[in-house]
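Undergrad: Listed below are the residues making up each chain.
Number of protein chains: 2
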Amino acid sequence: MANEAQTQIMNDLVIDRNEDFIAKSEQLKPELVRETVRPQNFVEVVADPAVIHGWRAQAIESQAEQSYGKGDEFILDFGTHQVGYVFMQIRPVGSPPDAPLSLKLTFGEMPVEMAEPFSEYDGWLSSSWLQEETIYVDVLPARIELPRRYSFRYIKFEVLDTSRKYRVAFDDIQCQTVTSADPSCVIPLHHKDSLLAQIDQVSIKTLQDCMQDVFEDGPKRDRRLWLGDLRLQALANYETFQNNDLVKRCLYLFAGVPDDRGRIMANVFIAPSLIPDDIYLFDYSLLFSTTLHDYYFATNDKETLVELWPSAYRQIELALERLDEHNIVKDDKSWWSFIDWHQELNKQAPSQAVLIHAIKRAIEMAKVLGSDKQAFLEERLQEIVTATITHLWDEEQGFFVSGAEKQVSWASQIWMALAEVLEPEENRQLMNRLLSEKPEIVLTTPYMYHYLVEALIIVGEKEKAVEQLKAYWGEMIHDGADTFWELYDPNNKDFSPYGSYLINSYCHAWSCTPTYLIRKYNL
Amino acid sequence: MANEAQTQIMNDLVIDRNEDFIAKSEQLKPELVRETVRPQNFVEVVADPAVIHGWRAQAIESQAEQSYGKGDEFILDFGTHQVGYVFMQIRPVGSPPDAPLSLKLTFGEMPVEMAEPFSEYDGWLSSSWLQEETIYVDVLPARIELPRRYSFRYIKFEVLDTSRKYRVAFDDIQCQTVTSADPSCVIPLHHKDSLLAQIDQVSIKTLQDCMQDVFEDGPKRDRRLWLGDLRLQALANYETFQNNDLVKRCLYLFAGVPDDRGRIMANVFIAPSLIPDDIYLFDYSLLFSTTLHDYYFATNDKETLVELWPSAYRQIELALERLDEHNIVKDDKSWWSFIDWHQELNKQAPSQAVLIHAIKRAIEMAKVLGSDKQAFLEERLQEIVTATITHLWDEEQGFFVSGAEKQVSWASQIWMALAEVLEPEENRQLMNRLLSEKPEIVLTTPYMYHYLVEALIIVGEKEKAVEQLKAYWGEMIHDGADTFWELYDPNNKDFSPYGSYLINSYCHAWSCTPTYLIRKYNL
Numbered sequence: 001m002a003n004e005a006q007t008q009i010m011n012d013l014v015i016d017r018n019e020d021f022i023a024k025s026e027q028l029k030p031e032l033v034r035e036t037v038r039p040q041n042f043v044e045v046v047a048d049p050a051v052i053h054g055w056r057a058q059a060i061e062s063q064a065e066q067s068y069g070k071g072d073e074f075i076l077d078f079g080t081h082q083v084g085y086v087f088m089q090i091r092p093v094g095s096p097p098d099a100p101l102s103l104k105l106t107f108g109e110m111p112v113e114m115a116e117p118f119s120e121y122d123g124w125l126s127s128s129w130l131q132e133e134t135i136y137v138d139v140l141p142a143r144i145e146l147p148r149r150y151s152f153r154y155i156k157f158e159v160l161d162t163s164r165k166y167r168v169a170f171d172d173i174q175c176q177t178v179t180s181a182d183p184s185c186v187i188p189l190h191h192k193d194s195l196l197a198q199i200d201q202v203s204i205k206t207l208q209d210c211m212q213d214v215f216e217d218g219p220k221r222d223r224r225l226w227l228g229d230l231r232l233q234a235l236a237n238y239e240t241f242q243n244n245d246l247v248k249r250c251l252y253l254f255a256g257v258p259d260d261r262g263r264i265m266a267n268v269f270i271a272p273s274l275i276p277d278d279i280y281l282f283d284y285s286l287l288f289s290t291t292l293h294d295y296y297f298a299t300n301d302k303e304t305l306v307e308l309w310p311s312a313y314r315q316i317e318l319a320l321e322r323l324d325e326h327n328i329v330k331d332d333k334s335w336w337s338f339i340d341w342h343q344e345l346n347k348q349a350p351s352q353a354v355l356i357h358a359i360k361r362a363i364e365m366a367k368v369l370g371s372d373k374q375a376f377l378e379e380r381l382q383e384i385v386t387a388t389i390t391h392l393w394d395e396e397q398g399f400f401v402s403g404a405e406k407q408v409s410w411a412s413q414i415w416m417a418l419a420e421v422l423e424p425e426e427n428r429q430l431m432n433r434l435l436s437e438k439p440e441i442v443l444t445t446p447y448m449y450h451y452l453v454e455a456l457i458i459v460g461e462k463e464k465a466v467e468q469l470k471a472y473w474g475e476m477i478h479d480g481a482d483t484f485w486e487l488y489d490p491n492n493k494d495f496s497p498y499g500s501y502l503i504n505s506y507c508h509a510w511s512c513t514p515t516y517l518i519r520k521y522n523l
Numbered sequence: 001m002a003n004e005a006q007t008q009i010m011n012d013l014v015i016d017r018n019e020d021f022i023a024k025s026e027q028l029k030p031e032l033v034r035e036t037v038r039p040q041n042f043v044e045v046v047a048d049p050a051v052i053h054g055w056r057a058q059a060i061e062s063q064a065e066q067s068y069g070k071g072d073e074f075i076l077d078f079g080t081h082q083v084g085y086v087f088m089q090i091r092p093v094g095s096p097p098d099a100p101l102s103l104k105l106t107f108g109e110m111p112v113e114m115a116e117p118f119s120e121y122d123g124w125l126s127s128s129w130l131q132e133e134t135i136y137v138d139v140l141p142a143r144i145e146l147p148r149r150y151s152f153r154y155i156k157f158e159v160l161d162t163s164r165k166y167r168v169a170f171d172d173i174q175c176q177t178v179t180s181a182d183p184s185c186v187i188p189l190h191h192k193d194s195l196l197a198q199i200d201q202v203s204i205k206t207l208q209d210c211m212q213d214v215f216e217d218g219p220k221r222d223r224r225l226w227l228g229d230l231r232l233q234a235l236a237n238y239e240t241f242q243n244n245d246l247v248k249r250c251l252y253l254f255a256g257v258p259d260d261r262g263r264i265m266a267n268v269f270i271a272p273s274l275i276p277d278d279i280y281l282f283d284y285s286l287l288f289s290t291t292l293h294d295y296y297f298a299t300n301d302k303e304t305l306v307e308l309w310p311s312a313y314r315q316i317e318l319a320l321e322r323l324d325e326h327n328i329v330k331d332d333k334s335w336w337s338f339i340d341w342h343q344e345l346n347k348q349a350p351s352q353a354v355l356i357h358a359i360k361r362a363i364e365m366a367k368v369l370g371s372d373k374q375a376f377l378e379e380r381l382q383e384i385v386t387a388t389i390t391h392l393w394d395e396e397q398g399f400f401v402s403g404a405e406k407q408v409s410w411a412s413q414i415w416m417a418l419a420e421v422l423e424p425e426e427n428r429q430l431m432n433r434l435l436s437e438k439p440e441i442v443l444t445t446p447y448m449y450h451y452l453v454e455a456l457i458i459v460g461e462k463e464k465a466v467e468q469l470k471a472y473w474g475e476m477i478h479d480g481a482d483t484f485w486e487l488y489d490p491n492n493k494d495f496s497p498y499g500s501y502l503i504n505s506y507c508h509a510w511s512c513t514p515t516y517l518i519r520k521y522n523l
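Respectively, the protein sequence lines represent chains A and B. When the letters of the first sequence are read in order and numbered with full-length UniProt numbering, they come out as residues 1 to 523. When the letters of the second sequence are read in order and numbered with full-length UniProt numbering, they come out as residues 1 to 523.
Certain hints may be false.
One copy or two, either will do: identical chains are not told apart, so a pair holds if it fits within one copy or between any two.
Pairs of lysine to any residue, SDA-like flavour, derived with a Cα cap of 25 angstroms [as the list claims (entries may be wrong)]: (1) Lys104 x Leu160; (2) Lys70 x Asn11; (3) Lys104 x Pro147; (4) Lys29 x Val137; (5) Lys330 x Val385; (6) Lys165 x Leu274; (7) Lys165 x Trp341; (8) Lys24 x Leu140; (9) Lys29 x Leu140; (10) Lys104 x Tyr121; (11) Lys24 x Glu303; (12) Lys165 x Trp124; (13) Lys360 x Pro424; (14) Lys70 x Val45; (15) Lys165 x Arg263; (16) Lys165 x Arg91; (17) Lys493 x Pro439.
I should point out that these hints are in silico values taken from the structure, not numbers from a laboratory. This structure is a prediction, so every number in the text was calculated from the model and none was measured.
All chains, full assembly: derive it from the sequences and hints.
TA: Laid out in structure tokens, this is it:
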């Protein structure tokens, strides 16, 4: 999550475990749905400058009765994105196997992972995320059950060595896929626009592959529950799989391990036991509250609302501490807010908007609860909105500005629009001005593109919303996406904030919202 | 076993399984003795042209509370040779581990295996024998139990990657050693000659590490039951561990899977089920009979002698088919005999001697059994010995010659001496002539050095036998052997018939006989 130059580490984090919440999250552990999938084709990777990353997978004829010796390799295509466990049978061909088999397996979501050696990777995220295994098989024939879970469409098999006396053959290679999403719950869309129909499908598949023991951000990387992704996955979930207990589980997981000031961390680890990461993000912490709001209004689960409201309210309370005497979020070196991956993006204005957006939804929850915080929140909201217009709105440019340099970014305008700081008509003009003037500090993640599209919808520009959605997610499909990606800049398709596209996740939760946008808003 | 240019493959081998024999071998499966061993030091490998392979392991101070990150490595020394399973605890140090740990482990019997990368190996035996593993650990802390068995003194740990946020520490690294030898059965030697005492110890440790589910040739490589090694291990076993059931098990394993002509193959695989290798060696097949002879006279197990005599006799019978009209072993392209690893060694004369040696012992068994084969064998023996002297003895040189080129080799003289073809006094002179004239075709394996020493003993040259034993095995100890090696040429310490000393076994059964020679012959 952190940018390259800054890796957030908090050495003195003290966690205040709520064992009731943790127990509740445990009880909500989902059953995983398992299915057996077999490879569809042999493929080879072909260099092609016309495609993303410059590599294309091309189906080739398989030879029947193929056996492999030292240095032989082949690539299998499983037809679409899979998340699961890989099994196979390996048998010796020739004389009895008088030395072990050494075999290397490489798993890739995209053809480039079959083409570019992982040994050349030099990004700043850990190389351990790149999925490869070297196994030694002492006894043949053997049934191999790889213990780790993989996220892939392609598997490359490389026989490192056998011996001069034998070769090997592979039988019954299969993937046992796992998900906590039940596809039979999804109501078919039947959209007359075939591209939107396709985007909806790919979006649903993306969510399905990310729904595991928790809502994972991405099944290849980081395989973890993050607040920002959770919020969006939950919205998509309500329109599709409706596994609402999974949302509830995740809310209790986060609320179960705040620090001793009540701060909810940006992501949690659940194995070997539940611990929060030492990353605290201003915007993500507020999204906890917003996610609870969305959950309640999707499910009417008042009991959960009652129980988790104090945790949600606490995040608002803590965020308010960051406001300066002008009621503007203090932009200094002591805070972290995500918003988007752009290296130069200033977080002040977008974060201010996330706060306003969160307070409004907190007020809705307070009303349902008859909470005594309602009046206080309404009063603060008023002050903050007024301050925002006073200090962050540049009337001349017609944009919100952020930070000491008064940066104009896409993210600021989008979040301010979602927070409905301006009146509706000015809000609509703001979004239109954004689209026509195209400030330099652009969006880099599908996460922010979601909010762009949603902002266009709520200001009443549905057609433009559909246009953006098709241009972005449609282009991803055109570029070969079986599931939507963690990162995508249609003008710089090699983009990775990590230093190498090999490590990007090509099935990412925060990219799965088109199904929500299409279905919820009847696009 | 086969030389580089010749790899024996028999495509149409038909096996005639004897299920009774196989069942008997199953019932004799040994219990493995397990012990927990911990590393003794951290070491580093230091280049040193004065030592074998040019690398020495030097103990270094360990830092307490050491943690490791990307690119860090360390080497542990377990103090002596170990065969077993490796366990450890790994825990994260720093922030919660937000990416998998990727860890590479390299196991070596000798310091050179810690120094020279296996990626540079280019010998003709399979690189899969070189012991290394790359593991990915998704959940930390973790208890790691590596499933494969390793043969090593040193383990190198290389942390390939963690993440910027955490490092790892290793706790409680241990090896659970396995053997089917019970050290408490060994009577202490108390030899006044301290070098002989040491040689005896190292020899016993070598045998102990090779005694597993079967008598293995070497626990690193090939981890398999071979006839030639079995014979020598059994002799050492009778003087030490006296696990005679293990010898019996191995005899039944071999006798259980002859081919459809009754030929017993040179080695067998026991997993996933018992199958013989497709290697048939003239000398090794005769050693089956000799091994049965040794077994009976060590144990008086007549029941086994009765059951396995037909298999033993059959090997003699089949070997006799190779004699030409002069009663000399036909040396052509249609046969394989091992004898020793020397590339230019002619096998005719040594194999002739192995045959004579085997027939003499078969006659001893026939006598015990009252077998009607006795007379026939005695008659054939006479003919063969006469023919051997007529056709293979060069009176002028005072040596036996082998093959069309009339090659004079160490191996020929040694086996002829063991076969007692000449009268005792001439036999003794033969061995002395060998030691003084030193023919060019020398010995390359401890296997043949065993027979050299034993030949000197049986011709009555005990002192010279001790001299040779000390010069050879003593020099191995001087060069750092914790267990005796598969291959050793004191004049060419880098020797490997496989193209690289990395792949040599440094704990090899056929090198373990000094304990037998010392104890049996009271050296």
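Undergrad: Evaluate each hint against the coordinates.
TA: Now the hints, each set against the structure:
1. Lys104 x Leu160: This pair counts as both: shortest intra-copy Cα distance 7 angstroms, inter-copy 17 angstroms.
2. Lys70 x Asn11: Classified as between; 20 angstroms across copies, 49 angstroms inside a copy.
3. Lys104 x Pro147: Classified as both; 15 angstroms inside a copy, 18 angstroms across copies.
4. Lys29 x Val137: Answer is between: at 23 angstroms across copies they meet the 25 angstroms cutoff, but 35 angstroms inside does not.
5. Lys330 x Val385: within (15 angstroms within a copy, 104 angstroms between copies)
6. Lys165 x Leu274: Cα proximity of Lys165 and Leu274: across copies only (18 angstroms, versus 50 angstroms in one copy).
7. Lys165 x Trp341: Answer is between: at 19 angstroms across copies they meet the 25 angstroms cutoff, but 54 angstroms inside does not.
8. Lys24 x Leu140: between (46 angstroms within a copy, 24 angstroms between copies)
9. Lys29 x Leu140: between (38 angstroms within a copy, 21 angstroms between copies)
10. Lys104 x Tyr121: both (17 angstroms within a copy, 17 angstroms between copies)
11. Lys24 x Glu303: Classified as within: same-chain Cα gap 12 angstroms, cross-chain 69 angstroms, threshold 25 angstroms.
12. Lys165 x Trp124: Answer is between: at 11 angstroms across copies they meet the 25 angstroms cutoff, but 43 angstroms inside does not.
13. Lys360 x Pro424: Only inside one copy: Lys360 and Pro424 sit 16 angstroms apart there, 110 angstroms across copies, limit 25 angstroms.
14. Lys70 x Val45: within (20 angstroms within a copy, 31 angstroms between copies)
15. Lys165 x Arg263: between (63 angstroms within a copy, 20 angstroms between copies)
16. Lys165 x Arg91: Only inside one copy: Lys165 and Arg91 sit 14 angstroms apart there, 42 angstroms across copies, limit 25 angstroms.
17. Lys493 x Pro439: within (20 angstroms within a copy, 73 angstroms between copies)
The structure shown violates none of the earlier numbered hints.
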